[in-house]
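Chains H and V are the protein sequences, given in the same order.
Under the working numbering, the first residue of the first sequence carries the number 1, and numbering increases by one thereafter.
Under the working numbering, the first residue of the second sequence carries the number 1, and numbering increases by one thereafter.
Note that these hints are calculated values from the structure, not bench results.
Wrong hints could be hidden among the right ones.
Claimed, not checked - When the alpha-carbon atoms are kept at most 25 Å apart in a straight line, the in silico DMTMM-like pairs for lysine to aspartate or glutamate are as follows:
| # | chain 1 | residue 1 | chain 2 | residue 2 |
| --- | --- | --- | --- | --- |
| 1 | V | Lys129 | V | Glu188 |
| 2 | V | Lys11 | H | Glu477 |
| 3 | H | Lys251 | V | Asp503 |
| 4 | V | Lys371 | V | Glu385 |
| 5 | H | Lys479 | V | Glu385 |
| 6 | H | Lys396 | V | Asp518 |
| 7 | H | Lys479 | V | Glu541 |
| 8 | H | Lys396 | V | Glu541 |
| 9 | H | Lys396 | V | Asp552 |
| 10 | H | Lys17 | V | Glu513 |
| 11 | V | Lys504 | H | Glu400 |
| 12 | V | Lys5 | H | Glu514 |
| 13 | V | Lys91 | V | Asp552 |
To be verified - Only part of the chain V face toward chain H is listed, based on derived beta-carbon distances under 8 Å:
| # | residue |
| --- | --- |
| 14 | Trp510 |
| 15 | Ala524 |
| 16 | Pro567 |
Even for Gly, the Cβ is constructed at its ideal location relative to N, Cα and C.
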Amino acid sequence: MPKNLIFKRRSEDEDIKASGMYLDFDEMGKKGVMSSADSSIAKWYGIYKSRQPGQHMARIVIPGGVVTSEQAKNIAAVSEKYGQGIINVTTRQALQFHWLKVPNLADVMRELFEYGNSTRHGCGDVTRNVTACPLAETCPAARINARKWARKTADVLGAQRDLDDLPRKFKINYSGCRADCAQPHINCVGLSGVVYKGQPGFKVVIGGGMGWKPFVAQPLFGFIPEASAVDVCRAVALLFREHGDRFNRAKSRLKFVVHRNGIDFCRDVVLQNLLSEGKSQEGFVVEDIDDEGTSYEERPLLQDTPKGTDGLFTVRVIIPKGELPFRKFYELAKLSEQYGDQRLYTSNRQNLEMHGVESRDVSNLKFAIHNLGFETDGSFSLRDIVTCVGTTYCPKAVTETRVLFDRIHRLVSRDTYRGILSSGIINITGCPNSCSPYRIADIGFRGMRIREEEGSVEGYEVLLGGSQTSFGEKLGEFKLCDCEEVVTLVLDAFMMVRRDDEFLTRCVQRVGIEYFRRAVYGEV
Amino acid sequence: MARFKYNKAAKPLESTVETGIGTSALDLKTIAKAIPCQEACPAKTNVPAYIEAIARGEDDKAYRINQEDNIFPGVLGRICTRVCEDACRHKWTNVEGPVQICHLKRYAADNIKEKQSAMPPWFGPTGKKIMVIGAGPAGLSAARDLSRMGHQVTVVEKAPAPGGMLVDGIPAFRLPRDIVSAEIALIEQGGVEIRTDVHVTQTMVDDYCNAYDAVLLAAGTTVTNSIAIPGAEDRQISGLDFMRGYNRGEVTAVRGNVVVVGGGFTAVDCARAARRVGEKDALVSIAYRRTEASMAADKNEFQAMAEEEIAIRTLLSPLRFELNDRGAGTLVLQRNLVADGTLGVKAKIVPLEGSEVRIPCDTLIVAIGQKRDESLLPFGVDSEEDGKTSKPGLFVSGDFKGGSADVISAVASGKNVARLMDEYLMGKRRLMRGVKYEVTDCDGETGRYRDHDIQFPLPMPMAPVAQRFENNAEVETGFTQLIAQNAAARCYLCHYKFEIDQDKCIHCNWCIEASPRDCIKKAARIFYDADGFPTKVFEAERNQDATYIYIDNDECIRCGKCLRVCPTEAIRMRKLEAGDCVKCDD
Ligand SMILES: Cc1cc2nc3c(=O)[nH]c(=O)nc-3n(C[C@H](O)[C@H](O)[C@H](O)COP(=O)(O)OP(=O)(O)OC[C@H]3O[C@@H](n4cnc5c(N)ncnc54)[C@H](O)[C@@H]3O)c2cc1C
Ligand code: HEM
Ligand code: SF4
Ligand code: SF4
Ligand code: SF4
Ligand code: SF4
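Isolated chain H (complex conformation) (with noise of 0.2 Å):
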């Protein structure tokens, strides 16, 4: 018989989507295998495929970034008994372990709950991981805790059932001032605390995202009170559940919503959800607000061992690639319980923090975690570098960033470089995604092959002079085996130009790209 005829159609997504979205993981866990209708739905589980055959992944959700010390051991253990025992840290602030089995998820995500931690929403068209800045409560600079309020809208959200089918993932944070350590400008939904009229509130910024179409987000609102905060993030979930694409998920993001729309209509549609559901709109400021708060600098994060209004530190743990062993995370774990707040804390330099701990205490737990093998200092330097899993583990990877890693960390790791080694980040990864979001680093690398007389060979797109607010400009196109000489080339040529303490990003913006392009390329 006559198949529908409907000459534009929703995505396949959709039609999975709309047949079901429950899975039985015990029952797929007997039979042993995950259809590919499944595994699009085990997405909302937090369970994601490999590159490997048979081999999956799951992602913890860890609002605000941050988890007791309890459960981090929690996920030390299971990840040893049903994985490899090896433990990444996103950039987005969640923990996620390979090597998983299908028969064994069901019991990965039973044992994870035991302590709290959960899956759920990991993956999938909903709302992610809600993210905060890390100092969160104790940055002398921050207006509001941002941590309090990502938790808060992770709770109400993630519990109303009417956003579960959004039509693609939608990313919120959160962050305490304008300085913007959670990247409000590369997420769906971004919130900055601000001080206006002596009342502490938020500036609302939405639409942006990497991928492999960048957007920078636009003002919604220049000021919202603190109270309606989660209201606001509801009604830009309800518009971007409207209003997304559903036929082509490349398009699906709130990004495209609001570069197609215009970021007045989206504001319309967000103030008319708000109205709808009888919240209130009291306060609200469209326009840009001078903030009365106190002055931040310009990268908070570029500060070794913080201290916070409380009078207690934060010391850094530096993870490489963001990967570590169990055993390491159950030391640090239990590290935290002895100099610390008893918890850990994620950043989105794929690193993890102790806070609360005492003057006295900082060099013995530096000491103690020099000796698991890691740094405490150097967090947002140049050695800092970011670099997202590449083919080890992602299946659309096209490069094994990895390996540039090590390259040009051993580069930036000389003498020569010691004194600008504050002076900007890397970030490395391994296809247009961006899961290391190349594109707002003083340098960014994103995998590429490219074409020779015959053949293919593994290369990068470089950028330079990215900020989250203005995308890096393109040095050009670099097979992995130049790409260490590039980096020398541009860092010596930043040298001899470099103004006292400018960032590599601002020296970029004030000489124009050219100048590196020249110093890179050779005379032309």
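The hints should help you fit chain V with the ligands onto chain H, whose structure is shown.
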């Protein structure tokens, strides 16, 4: 020397221009590969464009697109031999058979909502006068196009009505006459003058050659072939004469049992016509020396013949005719065998000596083909290559030129000769065949999905047998819109071409992962012919051996998935349209 400037393999190019019109051999080869049905159609009908219009409910537009290439959409939508369908991509990408291109053509023609008008001229008046002899499909096609080129065209026709075999050969139950006359009226509206009842002779051809700037002989094949069947010397009727008589209402009855010898269009039509005017309960048989695969009838017609109780006897050649004392006749035939290892249209037959088959026969119709009336050709014409004869200004086309074929070949022949004549008259080629390229920005949404491939093609509805015999009613009754859109949705819309810009591609292979079939390949090397057209692709297994990620047009079903998934926007979809373009530069 600049650093980091890498040497890369050249980009494969499949067209000479990005957008706009390309007329080189490369462009023509590219479109030939991309749209196999259009390439197969002798008249080069823009099939996907009109099918897309039907799928979108734009029937008038679909008709207009057809008319551009073909003066007889309504006619051909009924009786075309459908070479396009044999070439359709569905023949190798699924098992449900080709798109019903021909039935769709008819659907559009039958469902025009607005009154149609003549096609607009390409050029202003040239002052040249042309005489066309024969108002069959070839003559009329040439006439219309010559008139669109600005020439003054007159057509002379022996018969009382124009149309050639469309009215003298093909019976009305397959092709209602109002369809023919409506489409001929559009040609006349365009300025072509048709004079009927003019019997042209050789001397008149000579006179025309003197009086006109150019003359086209498109007189078809009217001299029937005959075979000597002992005993039937004075009682065999030629199939063509029978059909002409039937069509003009002159033959209203046939006596007793009928045997039609032959297997071509005429034979089949004779049998079906005989059934309609014959005696009740008489036997009507077709006796053909080859197999059914070689007969000029499609699946529907075989079905119709079965319903009309026409016996089809194959592998039989007539030996003699016998008459018994009561006046009842019998045709005696010899069996043929198919040589081992041969099948279908190409089957070889060998007579089985000594065998005999007897079929009751009171009326014997012999329809074994016809040839042209050689006497029409002026003395001294010794070559007719491509339709241009050795006599300056005299051209030939259609069945007259190449022997009995089919209507679409006649239409194509007329189109082609019109261009030759124009070149002869104007001293240069004014119309070029070219390919128009257009970059689309619809995200690869062709409107079709993989799902559309699982739709079963529905059969052409046919009138019940009882109704068929009243008023010579048309047997095939045509698609409803639902059936038509259903059939149209199957078409892959091959005029959309997906291509990868090799300088943007980063070899992520996502398109390959997303693709529904083996349409995107990792290519180590691509080989080209002298025109730059890719002839061969060496596939690579491993990423490092892949020089290109390459879309194989032969396998692409236009789902658009690759384009939507490509993260670097390296894939684009261009719309290709082949047609006549006015050549501006000299
Ligand atoms: C019974 C039958 C059924 C057919 N069925 C099909 C079919 O289903 N599908 C298909 O594709 N093809 C079919 N054909 C074949 C098809 O009709 C011909 O191939 C096609 O019509 C050829 O077109 P033409 O213009 O070259 O010649 P014709 O159609 O033969 O036209 C030639 C014209 O020239 C005229 N003419 C001839 N001599 C003179 C003269 N001396 N003076 C003036 N005018 C003259 C004739 O009267 C005729 O009108 C069929 C043919 C027959 C006979
Ligand atoms: C294991 C396989 C993985 C797959 C298949 C995958 C897939 C994707 C996809 C498809 C996107 C693009 C989203 C879009 O713009 O529409 C994306 C973005 C992203 N991914 Fe991953 N990812 C993987 C692993 C990871 C890991 C390990 C991390 C963290 C370390 C991560 C963090 C992110 C982030 C931060 C983004 C950017 C989000 C944005 O565009 O706003 N991903 N990923
Ligand atoms: S005219 Fe005939 S050959 Fe041409 S496209 Fe139509 S059915 Fe096919
Ligand atoms: S699928 Fe459509 S366009 Fe392609 S060959 Fe068949 S009829 Fe022609
Ligand atoms: S559109 Fe792309 S994915 Fe779809 S069949 Fe064609 S080449 Fe394959
Ligand atoms: S998806 Fe795009 S970039 Fe990736 S291999 Fe295909 S054409 Fe190349």
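Going down the list of hints, with the structure as the test:
no. : hint                : verdict
1   : V:Lys129 x V:Glu188 : holds (16 Å)
2   : V:Lys11 x H:Glu477  : holds (17 Å)
3   : H:Lys251 x V:Asp503 : holds (23 Å)
4   : V:Lys371 x V:Glu385 : holds (18 Å)
5   : H:Lys479 x V:Glu385 : violated (59 Å)
6   : H:Lys396 x V:Asp518 : holds (19 Å)
7   : H:Lys479 x V:Glu541 : holds (21 Å)
8   : H:Lys396 x V:Glu541 : holds (18 Å)
9   : H:Lys396 x V:Asp552 : holds (23 Å)
10  : H:Lys17 x V:Glu513  : holds (21 Å)
11  : V:Lys504 x H:Glu400 : holds (20 Å)
12  : V:Lys5 x H:Glu514   : holds (16 Å)
13  : V:Lys91 x V:Asp552  : holds (16 Å)
14  : Trp510              : holds (7 Å)
15  : Ala524              : holds (7 Å)
16  : Pro567              : holds (3 Å)
The structure fails to meet hint 5 from the earlier list, while all remaining hints are met.
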